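Keeping their order, the protein sequence lines are chains A and B. So the first sequence is numbered by my numbering: it starts at 1 and just counts up by one. So the second sequence is numbered by my numbering: it starts at 1 and just counts up by one.
Hints are computed from structural coordinates only; laboratory data are not their basis. It is possible that some hints are incorrect.
Partner residues are not named here, just some residues of chain B that face chain A (Cβ under 8 Å, in silico) [to be verified]:
#1 Pro40
#2 Pro44
#3 Phe66
#4 Lys71
#5 Phe89
Note that the structure is a prediction, hence the values are computed from the model and not measured. Positions of the beta carbon are idealized from the N, C-alpha and C atoms, including for glycine.
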Amino acid sequence: DTGVSQNPRHKITKRGQNVTFRCDPISEHNRLYWYRQTLGQGPEFLTYFQNEAQLEKSRLLSDRFSAERPKGSFSTLEIQRTEQGDSAMYLCASSRFGQGAGELFFGEGSRLTVL
Amino acid sequence: QQQVKQSPQSLIVQKGGISIINCAYENTAFDYFPWYQQFPGKGPALLIAIRPDVSEKKEGRFTISFNKSAKQFSLHIMDSQPGDSATYFCAATYSGGGADGLTFGKGTHLIIQP
């Protein structure tokens, strides 16, 4: 099953440290999305790539957050100088251009705990 | 401002019963309404979706009812089974728009009692 893969699945870090998450999308999907989900809430959009181009960023994505998708394949989401409020599940999703914007395939997420 | 409001927050249904989850949206530009199902420790998975040119869509035991004038849509799960126990999210988006058009509700935690 070649679904969306995310690593690491869990990350515990101390406040002020940097963390990086990786997402490997479904191979034929050229669109890749990052969402954040906190307990009791639905996923909130963070950013979106089409191939290697980052096309949209949410206002939720502060300057401490950066995402890349070199060569239009896997993507990384880095959080610098983590804060306790960054504790959440970070979800990656992918889709194929031509599918509806709502037909996303999500990974299992990377859970971040900031102490 | 929450653009998609979902209710109830939690729901307990007996096995074999009908589970009903409601959503209301504010932005009339939304034209695609998916429902996602999420099990603990997993990412959301697309369950069923509807466009506003139809009032109902059925896939197996899952039905979406859509009321464009009221800006409301609902998910009905017929003959609910314990395996349906999960969190359900409604969402709304622009089918021809960008990614940030996908707006989720806060979710409904559904428990099906055997």
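Hints, one by one, checked against the model:
1. Pro40: The hint is violated - proline 40 of chain B has no Cβ within 8 Å of chain A, the shortest such distance being about 11 Å.
2. Pro44: At about 5 Å, which falls below the 8 Å cut-off, the nearest Cβ of chain A leaves the hint on proline 44 of chain B intact, so it holds.
3. Phe66: 14 Å, violated
4. Lys71: 17 Å, violated
5. Phe89: Holds, about 5 Å.
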